[in-house]
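**Student:** Residue strings, one per chain:
2 protein chains.
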Amino acid sequence: MATLTVPEVVTSPAEDAEQLRKAFQGWGTNEALIISILAHRNAAQRKLIRQSYAETYGEDLLKSLDKELSSDFERLVLLWTLDPAERDAFLANEATKMLTSNNLVLVEVACTRSSLDLFMVRQAYHARFKKSLEEDVAYHTSGDFRKLLVPLVSSFRYDGDEVNMKLAKSEAKILHEKISEKSYNHDELIRILTTRSKAQLNATLNHYNNEFGNAIDKDLEADPDDEYKKLLRATIECLTYPAKYFEEVLRLAINRLGTDEWALTRVVATRAEVDMERIKEEYYRRNSIPLDRAITKDTSGDYEKMLLTLIGHGDA
Amino acid sequence: MATLTVPEVVTSPAEDAEQLRKAFQGWGTNEALIISILAHRNAAQRKLIRQSYAETYGEDLLKSLDKELSSDFERLVLLWTLDPAERDAFLANEATKMLTSNNLVLVEVACTRSSLDLFMVRQAYHARFKKSLEEDVAYHTSGDFRKLLVPLVSSFRYDGDEVNMKLAKSEAKILHEKISEKSYNHDELIRILTTRSKAQLNATLNHYNNEFGNAIDKDLEADPDDEYKKLLRATIECLTYPAKYFEEVLRLAINRLGTDEWALTRVVATRAEVDMERIKEEYYRRNSIPLDRAITKDTSGDYEKMLLTLIGHGDA
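So the sequence lines, in the order shown, correspond to chains A and B.
Here the first sequence is numbered in numbering that gives the first Met the number 0, starting from 0 and rising by one per residue.
Here the second sequence is numbered in numbering that gives the first Met the number 0, starting from 0 and rising by one per residue.
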């Protein structure tokens with residue numbers, strides 16, 4: 000379900016590194032060459048290119064890119080080039096800082112990645128920031144936000160398919176009770192959402208829907224100005240239906256006065272190698288316009304080209 | 000600082016497995032032979048023996064041991080033979096169950112293991128119980144206990160040596176404030192204890208001691224009947240001075256009417272390969288009697304022999 004396309008015969012990492020070096024040299028940067036290489040290599044290949052580049056030229060490829068590129072295109076290329084765990088650690092760290100704080104990004108990283116991938120993000124966070132992810136999240140949040148976010152980013156959910164139906168029923172009832180009472184920050188509600196496996200939560204929420212007549216996200220929709228409730232709803236969507244969640248992020252990023260390039264870049268860079276095909280389907284279904292066309296209308300230049308390449312426009 | 004002794008030339012895992020099989024056969028079990036092998040093999044070696052045993056005899060070594068042995072000796076041999084991460088997962092699971100519930104064990108596993116070891120416990124928990132550790136801990140606790148224990152067992156603390164002295168000072172002040180107000184369950188106090196690295200916490204608690212005249216564990220000592228406060232104190236000791244914590248567990252297990260074999264077994268099985276030498280030093284300093292002598296006075300038979308072997312009595 001990835002949209003990334005990799006040529007059947009790939010040039011060696013050393014050759015790719017050499018071509019990238021050439022793209023940086025001379026009068027002006029050759030952005031098209033950069034896109035033609037990096038936007039057609041998977042994470043393992045990009046890692047080898049970075050290694051080869053560092054060995055040959057004594058500089059981190061990311062540093063060279065940072066010097067040569069600028070604005071939205073730069074951010075997209077940098078995020079894309081990073082190893083997925085490093086990239087998530089970087090995004091999560093940014094999300095804890097004052098000026099770029101964005102709790103939604105934390106929910107996204109904590110809930111749409113696999114349990115093991117989230118753990119690798121935490122390892123990458125140690126390596127890069129000399130602190131733990133949960134430490135920064137806890138320090139920079141408080142109250143209900145902290146109560147929800149810290150267990151989310153610390154979770155290592157069981158990822159098997161086993162479902163306990165009795166438990167699903169009893170916990171659906173608890174969730175319905177707490178939501179009816181507007182106790183959105185109740186210990187039990189948070190316990191269920193932050194610790195249960197995705198399969199188990201799915202069963203619980205299906206039972207909720209069947210038994211109480213409404214999907215849980217409908218019951219949480221009422222008050223769009225309540226930031227905490229929005230986060231709670233995002234948590235549930237990320238855990239149970241990530242493609243729908245990402246479609247919504249893209250829709251809001253594109254359909255507004257002034258595109259939200261940060262959100263657009265983040266979703267494309269983090270999902271092109273995962274489930275962007277599914278997200279594109281959801282996008283078309285919900286907006287009656289294909290994602291590539293929506294992107295073309297809203298962006299331009301190398302940034303547009305890189306986005307379109309990553310979402311597989313060449314093959315569309 | 001381990002007390003485990005391994006012979007310089009070790010027989011092959013296949014030979015060890017064969018000897019163990021012999022020890023189980025015939026009239027009566029040869030406990031001395033079991034001790035002479037298992038109590039002198041490190042975790043990696045025991046793992047190979049288990050593999051070899053399963054391949055050769057089509058049965059898990061643990062199952063055979065379970066059939067042949069009984070009571071305290073059995074529990075000690077089984078716990079010891081388990082892989083450390085599996086063993087901790089087993090102990091933690093037991094600690095969440097009604098009849099054997101023991102929050103102290105959870106604190107011990109969460110706070111005296113390295114960050115990576117704790118993560119491996121969480122992986123072993125998935126594999127064995129088809130659930131997550133934090134899921135069971137959250138489900139079986141509530142209120143303040145849950146509020147402290149869930150982040151402890153979910154933590155992946157940064158394990159570098161870097162210390163931020165400014166932060167140590169400000170957080171020592173917060174801790175002192177909350178403890179003075181008897182707000183032992185305050186969000187900030189729990190945040191600090193559950194997320195900071197051990198090096199950082201150490202600096203914070205040293206500053207606490209210097210600035211406010213008392214070590215924090217003294218300030219938490221007042222009320223020995225308060226289970227939550229006891230747990231808080233254990234958390235701090237496990238994080239900053241594990242040998243002292245384990246000495247205390249052993250002292251309480253031995254110095255009472257009727258030895259607490261569960262605690263004695265647990266500490267010996269989990270620490271013989273880690274820091275039992277340090278724990279023995281602490282024990283002697285605090286009780287003026289060497290640990291091996293105290294154990295000899297309180298236990299007997301194969302159980303006693305196995306304990307003494309694991310704490311390195313043969314070399315004492």
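These aren't lab readings, by the way, just hints derived from the structure by calculation.
Mixed in with the good hints, there may be bad ones.
Remember, identical chains collapse to one label, so a pair may be satisfied in a single copy or spanning two.
[Claimed, not checked] Capping the alpha-carbon separation at 27 Å, the derived lysine-lysine pairs in DSSO-like fashion look like this:
1. Lys296 with Lys165
2. Lys172 with Lys129
3. Lys129 with Lys229
4. Lys96 with Lys168
5. Lys304 with Lys172
6. Lys228 with Lys46
7. Lys129 with Lys168
8. Lys62 with Lys228
9. Lys197 with Lys129
**Student:** With 27 Å as the alpha-carbon cut-off, assign the pair Lys172 and Lys129 to within, between, both or neither.
**Tutor:** between (42 Å within a copy, 23 Å between copies)
**Student:** For Lys96 vs Lys168, is the C-alpha pair at or below 27 Å within one copy, between two copies, both, or neither?
**Tutor:** between (39 Å within a copy, 22 Å between copies)
**Student:** As a check of your reading, is Lys304 near Lys172 (CA-CA no more than 27 Å) within one copy, between copies, both or neither?
**Tutor:** Neither. Shortest intra-copy (49 Å) and inter-copy (53 Å) distances fail the 27 Å Cα cut-off.
**Student:** Tell me, please, which holds for Lys129 and Lys229 at an alpha-carbon limit of 27 Å: within, between, both or neither?
**Tutor:** neither (31 Å within a copy, 31 Å between copies)
**Student:** Under a CA distance limit of 27 Å, which applies to Lys129 and Lys168: within one copy, between copies, both, or neither?
**Tutor:** Classified as between; 19 Å across copies, 42 Å inside a copy.
**Student:** Give the relationship of Lys296 and Lys165 under a CA distance limit of 27 Å: within one copy only, between copies only, both, or neither.
**Tutor:** neither (50 Å within a copy, 50 Å between copies)
**Student:** For Lys197 vs Lys129, is the C-alpha pair at or below 27 Å within one copy, between two copies, both, or neither?
**Tutor:** between (30 Å within a copy, 13 Å between copies)
**Student:** One pair to classify: Lys62 and Lys228, alpha carbons no more than 27 Å apart. Within, between, both, or neither?
**Tutor:** neither (39 Å within a copy, 50 Å between copies)
**Student:** Is it within a copy, between copies, both, or neither that the alpha carbon of Lys228 lies no farther than 27 Å from that of Lys46?
**Tutor:** neither (38 Å within a copy, 49 Å between copies)
Against the hints set out earlier in the document, violations occur for numbers 1, 3, 5, 6, 8.
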